[in-house]
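Residues per chain are reported as follows:
There are 2 protein chains.
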Amino acid sequence: MPSRGWLLVLCLAALTGKSAGAVVNERTERNCSLIPPYLPSTAVNTTLRLQELRERMVPMNISAYIIPGTDAHLSEYIAPRDARMAFMTAFTGSAGTAVVTQTKAALWTDSRYWVQAERQMDCNWELEKDVSVSSVAEWLISEVPPGGMIGFDPFLFSLKTQEDYDINLESSNRSLKSLPVNLVDQVWKTRPPIPPHNLTRLPDRVIQRSWQMKVEDIRNQMRNNPYEPTALLLSALDETAWLFNLRGNDIPYNPFFYSYTLLTMDKIWVFLHTNRVAEDLKVYLNASCDGALCVQLKSYDTVLNHLKTYVSQPGVKVWIGTEYTNYALYEIITPQDRLMTSSYSPVLTTKAVKDETEQRILRDAHVRDAVAVIQLLMWLEKVVPAGKETELTASDYVNQCRNKQKDSRGPSFETISASGPNAALAHYSPSNETNRRLTVDEMYLVDSGGQYLDGTTDITRTVHWGNPTDMQKEAFTRVLMGNIEISRTIFPSGTRGVNMEMLGRRALWEVGLNYGHGTGHGVGNYFGVHEWPVGFQGNNIPFRAGMFTSIEPGYYKENDFGIRIEDVVVTVPVNTKYGHNSLTFDTVSLVPYDRKLIDTSLLSSEQLQWLNKYYETIRRLVGPELDEQKLYDEKDWMLKNTEPFIKSGSSVSVCSSSLTLISLTIALLHNIA
Amino acid sequence: MPSRGWLLVLCLAALTGKSAGAVVNERTERNCSLIPPYLPSTAVNTTLRLQELRERMVPMNISAYIIPGTDAHLSEYIAPRDARMAFMTAFTGSAGTAVVTQTKAALWTDSRYWVQAERQMDCNWELEKDVSVSSVAEWLISEVPPGGMIGFDPFLFSLKTQEDYDINLESSNRSLKSLPVNLVDQVWKTRPPIPPHNLTRLPDRVIQRSWQMKVEDIRNQMRNNPYEPTALLLSALDETAWLFNLRGNDIPYNPFFYSYTLLTMDKIWVFLHTNRVAEDLKVYLNASCDGALCVQLKSYDTVLNHLKTYVSQPGVKVWIGTEYTNYALYEIITPQDRLMTSSYSPVLTTKAVKDETEQRILRDAHVRDAVAVIQLLMWLEKVVPAGKETELTASDYVNQCRNKQKDSRGPSFETISASGPNAALAHYSPSNETNRRLTVDEMYLVDSGGQYLDGTTDITRTVHWGNPTDMQKEAFTRVLMGNIEISRTIFPSGTRGVNMEMLGRRALWEVGLNYGHGTGHGVGNYFGVHEWPVGFQGNNIPFRAGMFTSIEPGYYKENDFGIRIEDVVVTVPVNTKYGHNSLTFDTVSLVPYDRKLIDTSLLSSEQLQWLNKYYETIRRLVGPELDEQKLYDEKDWMLKNTEPFIKSGSSVSVCSSSLTLISLTIALLHNIA
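One line per chain: the protein sequences are A and B, in this order.
Those letters in the first sequence? Residues 31 to 703, by this note's numbering.
Those letters in the second sequence? Residues 31 to 703, by this note's numbering.
Among these hints, one or two may not hold up.
Where chains are identical, the list cannot tell them apart; a pair therefore holds if satisfied intra-copy or between any two copies.
Stated by the list, open to error - Here are the simulated DSS-like pairs of lysine-lysine, each with C-alpha atoms no more than 30 Å apart in a straight line: (1) K297 x K134; (2) K134 x K670; (3) K159 x K312; (4) K587 x K607; (5) K312 x K244; (6) K436 x K297; (7) K503 x K607; (8) K347 x K190; (9) K677 x K607; (10) K190 x K207; (11) K219 x K207; (12) K347 x K207; (13) K159 x K607; (14) K643 x K670.
Quick caveat, the hints were computed from the structure, so don't treat them as lab data.
Looking at chain A on its own, in the form it has when it is part of the complex (with noise of 0.2 Å):
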């Protein structure tokens, strides 16, 4: 699944949903310049909500109220309980900020979800484009008066937020004002409670490194840090989750729990709903002594005052990393020689690197994943012809696939179905609104992937049951091109994503072609399906081995059709004639791409081996397991998909003066005869 990434070049505009294959064909989309103004049946009217929150606005003495769509955990993927951007708003995208004012509100979000907004927000919301920090400043300096306060929940802003606000704002004499509540939680009484689902610790089988020798470890990473800091305060969800092999269920699609860690060389204080954890798992943690290896379970809301204490000690230091500890926990590390920074906490730095019972769990999860997308495609290029599947029945075929494999736990994120110009919106997900019928007429993208106990998996493929044009063909060959030129690269370790990743690109750019999303995210072990701090962002981390990430370039045609090819990789070390310490990756995917679609004479030699050695390695990964499941029909499927290619077109304008060569050796000898 894409991530917004550091580029947004594309502006997606808006899809009209009127072209032939669609079920529904209302407007979809406000028109507030109309009078009265044009509302769908998918907006939601706010007015009451937003006059509310300003009236709890006044006391505050602010002029304007930030409302961020993250949690106290920074995390991209939130619960339903803290989704205030999307109560006050009625947008309900993966991303975005509100602000609000007591004359306007604007949203912002970025291209893969404009349509979206232009369908849930009613008149009260203007709709804000550029994302940055900045431009948000922007418009703040030109509706709060000067010398106005922006009022803030500091639980909600990574302290990078808060700087990024501060240096934008900072000669403007407008300033931020960090509130002690949340005054969205003020107005929102059907707030959802915290989830009561008991909290679960991995089985043994998917576990190589236990959570007391995961503790030593990041103890040692603190002990030789010359900074010397006495503790490592986790905030992300996935590091208390991660360095106690726990899962949770709070988050959507996300198998994680509330929690905070704040790590001693001689204490674990590990701050959660208490009442979620069984007494089996008060054992596994040692939870009754006090110890080095005694995990003190403390009541969540109790971080901030513990934290207090903690830091009121002489000589202490707390290690933060800057991206996912909120300003609310940061503010109260004082003064500054009690505090330590890194971008990355290094439970998210040790964490990237899979160990090896991870990527053997994690590639397994893989294959047993390639076989429910191969059940998909199957299905679908027998059924979509008779007329009577849509996006949403795809969606739910391919979850039931996936459900049906060993160690499921359901999908990792809303699935991606999406037909004709629909896929040209890189996140759409289908709803009974704009649900589109599958036709032979239409390009068909679908981004899909699964939670195992052994592994997350995600991966697209876009498919065409009729005849593609010619442009279809050329933009898919060069998606799959800009893939594949990945692949292959052979690069130092060490080397960083983003400044790698313009080889998905390069081969659009070549015919003015490109993508407005990022190129890659790590992916982890039954965990988040986007698992920062891996991939090819601009703030990601040199890769080294053992490190998984997807790669997905794309290509929108706005109003028509869209192509995401995304598998994910493995890096791994491999031998090179004069130097030592290079990686590749290894794709673990395992599923063929639409031979229809692909124009051999477009892509290199190279290219085209890498093409049949990967199409080899499904049918020696995946074979075997379709026959252990029975899945006969699939497997003759995937063999026939998997048919190794013929470079075709210019190896014959490369040999056309061999074949000029023949006709003469032809004429010659009939000569000589």
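Model the placement of chain B on the given structure of chain A, informed by the hints.
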């Protein structure tokens, strides 16, 4: 000429200078572990000056003193009077930072200069090889007691540098102390005076925009900025020189003069050594009025007080670029709301895009420059076998050739003329001590450039006059492939160099090779040879049409040989099949590569095609110039060296199946016959 770059992966170790070709055989590096220490004749005794500096540190109450290698304008190349680091350490490389405590002294410099430092420094000095601020900070934390102060001259720190130190020291209980005097200047009795040369204005024939037009353009950018700056402070030396179309002579190889500018909507104050402005220049600058287009000339040393007075007025806001404004000026712009920052001033970003005249004349300068380099290469080919030429005589020769060209203003940097192992040091320049004889048994690298009234040039060629090894040919070809791959790439306008520069490395990465410097830097119109912020480094601005940059991949084999191929290119619009707004590079350096070192079987057909097209361009542009200069032998040499290449090697294997087919055809016809 290579810049340090963002990636320093290669550790070029010491060069012993003991190979057969060396003119001088003395052990050239210090050995401080011997008793007594061994010091080469190039080392300087710094004991006395260190002692004096340490005495000056005591009353300042500082435990350490930082001596940067730059000047008050954060220049990359500095005047002799600003070479404070070199005076203290005896190390004369163009990049480094020195730190002195009461008991220790250390120099930080990058891999280009490690050998040079070991040759020039005595054993008072440690050499530190990790040049990051965090490395200096770690050293300071280990050497300065808790609570200790670290002194620095705020004129020699950019605010970014100060901030970097601050961040790295913030949790250590050691802090920076801005000192009102420079302690090295107090010790440096023989510090050179300000040079007496008058400033000059550029002739109209090399100018498209008058200074008045440029001032109006910059004022418009100030007007349109949402933060509403009232003034712009220009600190980098090329900012004032560019804005007023002026040049000077204060820095070797760089036509700069000491200056600052404070520009408001209705005033222009320029701070410089007013005694160097002749009457005609005062007229040119409208120096005797005080309107919006009158330049008020102020004494260089008054900038701080003038700025202080300006910012004391209510309602003002000063725009500065954070990369080139020194901390001394920055720290007086208070309170915060009187300051506005961007990484680079609008003058630097505007200057980065050359106007039509600048583009035309910079291309012209490269044609004449190519003549000089072709003269050198032809001459060397002829005379080297006789065994009398050296790195120094070759360097002299190319300088003479350039001097004869129209509008020549001398070399644009100290020529890098390096044979055999000397070339493995990316920034080596020959001296009497290190000078090697040129021979048919060694590779030779020459990186040189000229200043011309119409442009600055910078070009590197690597040649072999005998029989190169297979490895040398392969490495050279792969470096060339890197150069070609960047040059021929088509990319969207607005792409950043750092996101493309891996194309310069990829062919080397494939076999485990790499290089440890940057991939390219902007060049100016009779300006700096490293003209930032254009280029391929992390802090460079995105490419737009009309920017000039070098492309210069390389490969360096320690103690053996060095390869670099450097060309200057300009970004030009290019039409593509589907898109608009695409750019590519057009190479303006026009000198053929050594044919002997090119293994065409490694080149793709696209690369070969690019190479042949480039050679056609050389013939078309340099041919007439050689004719006009009556350099007929040089023309023959150029024609011989720009013969089109025909693809060999791999094309044979591509067509082997066709050849088999021919045999079959023959056999078949025989049977028929």
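Against the structure, the hints come out as follows:
1. K297 x K134: neither (49 Å within a copy, 39 Å between copies)
2. K134 x K670: neither (58 Å within a copy, 72 Å between copies)
3. K159 x K312: neither (48 Å within a copy, 49 Å between copies)
4. K587 x K607: between (42 Å within a copy, 15 Å between copies)
5. K312 x K244: For K312 and K244, only the intra-copy Cα distance (18 Å) is at most 30 Å; the inter-copy one is 72 Å.
6. K436 x K297: neither (38 Å within a copy, 76 Å between copies)
7. K503 x K607: Answer is between; shortest inter-copy Cα gap is 14 Å, intra-copy 36 Å.
8. K347 x K190: Close inside one copy (19 Å) and across copies (25 Å); limit 30 Å.
9. K677 x K607: Classified as both; 27 Å inside a copy, 23 Å across copies.
10. K190 x K207: both (16 Å within a copy, 27 Å between copies)
11. K219 x K207: within (25 Å within a copy, 54 Å between copies)
12. K347 x K207: both (26 Å within a copy, 23 Å between copies)
13. K159 x K607: For K159 and K607, the Cα distance is within 30 Å only across copies (29 Å; inside one copy 48 Å).
14. K643 x K670: within (15 Å within a copy, 44 Å between copies)
Going through the hint list in order, the structure does not satisfy hints 1, 2, 3, 6.
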